[in-house]
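**Q** Sequence:
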Amino acid sequence: MRKLFYLCLGAGAALIAGSAWAVDEPPKERTYEVTITNITKGQTFTPQLIAAHKGSIQLFQAGEPAGLPLEILAEAGDTTPVAEVLAASGKASAVETIGGLLEPGKSVSMTFSAARGDRFFSMAAMLIPTNDTFVALNRVPLPRRGAWTRTAIAYDAGTEDNDQNCLNIPGPRCGGEGHSPGPNVGDEGFVYVSNGFHNLPAAEEGEVLGPLVYDWRNPVARVVVRRIH
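Numbering (the working numbering), first residue to last: 1 to 229.
Please keep in mind that the hints were generated in silico from the structure rather than gathered at the bench. Where is the CB? At the ideal position from N, CA and C, for every residue including glycine. Treat the hints with care, as some may be off.
Label pairs and their calculated CB-CB ranges [claimed, not checked]:
(1) Asn199 <-> Pro141: 38 to 46 Å
(2) Arg222 <-> Ala202: 31 to 39 Å
(3) Val224 <-> Gly99: 16 to 24 Å
(4) Ala203 <-> Gly117: 47 to 55 Å
(5) Lys28 <-> Pro201: 56 to 64 Å
(6) Asn199 <-> Gly117: 47 to 55 Å
(7) Ala147 <-> Leu212: 34 to 42 Å
With the hints as constraints, model all of the structure from the sequences given.
**A** Set out below in C-alpha cells:
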C-alpha cells in the first residue's frame with residue numbers, strides 16, 4: 001500500500017506517490033549557484049524567490065487559479081507568503097529571496113544548498129510595472145552535474161485587471177497599490193502565459209502605461225543553475 005502526498009501553492013493539486021514506511025536517511029546537501037539575467041527592454045524584476053524542493057511541490061499550474069501566496073507575489077512583489085508555505089511544507093531545503101530590483105540587462109547570482117531528495121528548482125519574481133505579471137521557472141530538475149541554462153517566460157496570475165494604470169501598479173515607476181484582494185472586475189481567474197502590454201484608452205484617473213517602453217516578447221529571463229559540489 002502506498003501513501004499519497006499532495007502539495008501545491010496554486011488552486012490545483014500536485015500529486016506524488018511516496019512510501020509510507022520509508023526509513024529517513026540523513027540529509028546530504030548539494031551546493032548550487034543560480035544566476036538570473038533580466039533580458040527584457042523595459043521591465044524590472046522585484047526580489048526573486050528561489051527554492052530547491054521535492055517533486056511534489058509546484059508554484060502554480062497554468063490554466064488553474066493562483067493561490068493567495070502567488071497572488072501576493074504577482075501583484076505586490078512580496079515573496080514572503082510563498083516562502084512561508086514552502087518552508088512549512090517540510091519538502092523544501094532551500095528557500096531564499098534574492099533582494100533588490102533586477103533591472104533590464106542586469107544579472108544577479110546566489111549560492112544555495114539542496115538536501116537529499118530535493119531535486120527540483122523553482123524561481124519567481126514580479127515584473128514591474130505590471131498589474132499581476134510574474135516571471136517563473138516552475139519545478140525544473142536540478143542538474144546532477146555541471147550546469148543547465150533555461151529561459152523563463154512571463155505569466156499573468158489572472159488576479160487583477162490589466163488596466164496598466166499606475167494607480168494599481170506598485171514600484172518606483174508608478175508607486176501605486178500593490179495587492180488588491182479579489183476577486184475583482186476584470187480578473188481572468190487563472191494563470192496563463194502573459195501576452196504583454198497593449199495600447200489602452202486613457203483612464204479618468206492615473207497614468208496608463210503603453211507598450212512602447214514596457215512591452216516584451218517571451219522569454220523574459222535567462223536562468224543558469226550550476227552544481228558546485
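**Q** Look at each hint and say if it fits the structure.
**A** Verification of the hints:
Between Asn199 and Pro141 the beta carbon distance is about 40 Å. The supplied range of 38 to 46 Å therefore holds. For the pair Arg222 and Ala202, the supplied restraint of 31 to 39 Å holds, since their beta-carbon distance comes to about 35 Å. The hinted range of 16 to 24 Å is satisfied by Val224 and Gly99, whose Cβ atoms lie roughly 19 Å apart. Separation of Ala203 from Gly117 is about 50 Å and conforms to the stated range, judged on CB atoms against 47 to 55 Å.
Distance hint check for Lys28 and Pro201: the Cβ-Cβ separation is about 58 Å, which falls inside the suggested range of 56 to 64 Å. The hint said 47 to 55 Å for the Cβ distance between Asn199 and Gly117, and at roughly 49 Å that hint holds. For the pair Ala147 and Leu212, the supplied restraint of 34 to 42 Å holds, since their beta-carbon distance comes to about 36 Å.
No hint from the list above goes unmet by this structure.
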